Amino acid sequence: MSKQSKISRRDFLKLSSLAAFALPLTTKVGQLGNYDLIESKEKFGGFTIKTLKDDDPLFEFGPNYTRFDATNAILSRVWWDDEFNEKADATETVYEKNDPGYTQVDKALSAGAAYVAMYEGTDSSIGYLGLHKGLMGLDPKVNAPGQGPSFDGRWEHDHLTSEEVTAIVKKASLFLGASMVGVTDMNEKWLYSHYYDGFSQTRAPIKVTKVEKVELPEGQVSPEDAKPLIKAELEKMDGQEVKDLLIDVLENIDPSLLPSNAPSPSFVKAVPVSKFEGQAGQLVSNLPKLALGVIAEKLGLDIEIAEVDPGESAKPRYLEDGTLAIPETMNKVIVLAFEEDYDGIESAPTHLTVAITQDGYSKMAITGGSLAQFIRKLGYNAIPCGNNTNISVPMAIEAGLGENGRSGMLITPKYGPRVRIAKVITDMPLENDKPIKFGVEEFCKSCMKCAELCPSQAISYEDKTMGSANISSNSDVLKWSSNPEKCWEGWVANGSGCGICIRVCPFNKPESWLHDVTRIMIGAESGSIDSLLVNLDDAGGYGKKEPNMVFWDSDKFIHIKD
Amino acid sequence: MFAHLLIGALAGASLLLLVDYARKKELTLKWWHWLLTILGIIYAIFVLELIVGFFSEGAPQAALVMGGMTGIVGVVWGVLLRRFVFAKQSA
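Residue numbers (my numbering), protein chains in the order written: chain A, 1 to 562; chain B, 1 to 91.
These are computed hints drawn from the structure, not numbers from a lab.
Predicted model only: the values in this text are computed from it and were never measured.
No residue lacks a Cβ here, since even glycine has one placed at the ideal position from N, Cα and C.
No incorrect hints appear here.
Here are the simulated DMTMM-like cross-link-like pairs (lysine to aspartate or glutamate), alpha carbons at most 25 angstroms apart as the crow flies:
id : chain 1 : residue 1 : chain 2 : residue 2
1  : A       : K556      : B       : E49
2  : A       : K434      : A       : E525
3  : A       : K556      : B       : E57
4  : A       : K544      : B       : E57
5  : A       : K289      : A       : D309
6  : A       : K243      : A       : D158
7  : A       : K545      : B       : E57
8  : A       : K43       : B       : E57
9  : A       : K561      : B       : E57
Simulated restraints on C-beta separations:
id : chain 1 : residue 1 : chain 2 : residue 2 : range
10 : A       : G541      : B       : F46       : 16 to 22 angstroms
11 : A       : E188      : B       : F46       : 47 to 53 angstroms
12 : B       : M1        : A       : L52       : 37 to 43 angstroms
13 : A       : Q104      : B       : M1        : 35 to 41 angstroms
All chains should be built: construct the whole structure from the sequences, respecting the hints.
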């Protein structure tokens with residue numbers, strides 16, 4: 001028997017080479033195909049994320065789909081539907097005064113959290129589905145010192161790519177308080193057909209309106225109108241002349257004002273003359289406003305390329321009959337999501353959860369209103385929206401913030417359903433985000449926790465359907481259809497709100513490596529292990545029927561008592 | 001933080017004790033014996049960190065259930081190491 005009491009040099013080398021091979025392999029495994037595991041931790045909380053291709057269908061509509069009337073939303077019906085209110089009010093309450101979560105401290109916290117949302121009636125536009133008021137108004141309520149309400153001209157961002165412009169807006173959104181931000185096109189299907197304002201009992205249409213062309217003073221032209229004029233002049237020139245002109249322009253413009261992908265003069269010099277023959281149209285269409293002005297001057301065109309105040313028809317406004325007019329040029333939606341406190345949601349369905357929800361609404365008002373003002377001061381129009389004007393969940397899905405869950409809520413990778421959503425509709429040119437998939441649909445097919453633990457049984461156990469339980473849910477769009485009437489009755493029974501479906505959702509987990517393992521397995525969309533994961537979630541004591549009243553006792557924010 | 005330090009110290013001490021034990025008993029250990037032993041210690045760290053993680057998250061039931069499930073695998077691993085790696089040649 002040979003003696004070997006320590007690792008030999010050869011053995012050590014074997015181990016080292018194994019480690020050297022394994023480390024990059026494990027790093028790369030997460031980057032295979034469409035998956036992006038390693039770089040997504042901050043944004044996606046550890047999930048393996050797939051971005052959908054442009055032709056992947058996101059929603060399936062029936063032939064009779066119509067825009068949903070916000071008058072029929074449950075938060076509107078409580079203002080006008082006496083029959084429904086009578087039925088809901090007859091619901092038996094299930095709490096006692098001073099039960100945990102219903103104490104004076106809990107209610108006071110709820111009132112404090114709601115203060116901004118309720119201030120000057122802004123709650124009507126944040127939590128409800130009515131007029132844009134207060135912080136969520138169509139016009140700025142106040143202006144910063146030294147900044148008047150007048151049109152200051154649009155932000156000159158020709159030197160930036162559209163991706164960089166979008167990143168600036170996203171950074172501003174996160175700085176102003178959003179937890180997540182995404183951009184998508186305005187999808188008119190998700191625009192409410194009518195708004196309903198309970199406070200003023202107003203119901204009126206929401207319409208996308210035409211924008212009238214604004215006439216500029218003689219001699220001034222908009223950048224878009226200048227392009228055909230310049231193009232016509234360039235077409236009179238041969239390739240060598242166009243090339244020389246372009247080099248001249250590039251050499252005389254401050255490079256920092258050009259887009260980061262603009263060619264250098266030396267690059268243009270190296271391009272054969274033949275490449276400039278007959279390319280005037282394409283050349284002009286890609287030029288920023290600044291370069292257009294210089295070229296016009298070099299060409300001897302007697303025009304001044306001026307910024308255009310798009311005028312009243314390009315601004316969002318209420319018409320005389322109360323119609324909310326959204327100009328057709330406001331075709332982008334910035335979707336903001338706000339994380340709700342984990343410990344607070346654990347206390348669902350008590351007044352503490354209402355505090356968490358109202359805190360979300362207040363943050364929606366602060367950030368949505370502030371972001372809208374930021375965009376207005378860049379010379380673009382902006383409409384900050386809470387729950388009103390367009391349906392939040394599908395907009396958030398289209399903006400790549402998450403997927404739709406069985407409960408009907410947005411399921412985000414990082415926070416699960418524990419978010420509130422606000423939107424800012426704008427005419428600022430921004431780059432869209434791609435919708436994402438990370439296994440929610442597959443998982444929700446197996447998992448029924450929200451449906452099983454919903455006290456009023458408002459969540460469907462069935463497959464997705466085009467139907468709807470009642471007028472408060474839209475039909476002819478394929479989705480897990482919950483019953484808003486039953487949901488509201490649950491709220492009445494709790495004497496507050498609810499939020500149990502948020503609390504018990506297996507996607508609602510704190511950020512931790514422990515849950516990252518599960519996230520990776522769910523993200524793999526295998527389906528076969530989803531039932532096992534749900535059982536493990538149950539066995540681990542997550543998502544119980546009873547609330548977990550940890551908010552005041554946890555050490556988050558501050559340690560209260562020993 | 002203290003729990004992580006303790007787990008790290010326990011893991012380090014376990015490895016040193018095993019090396020010392022193998023030396024004293026003059027065991028013939030191939031490279032894959034050491035690999036299995038080190039992986040076993042890493043797995044033990046994983047189990048302990050998992051239990052500590054769930055407790056610190058405020059999920060004691062999850063700590064017990066998940067700790068129990070993964071712990072059983074660790075115990076089996078340890079027994080197999082003892083039976084086939086460290087005990088077999090010590091006789």
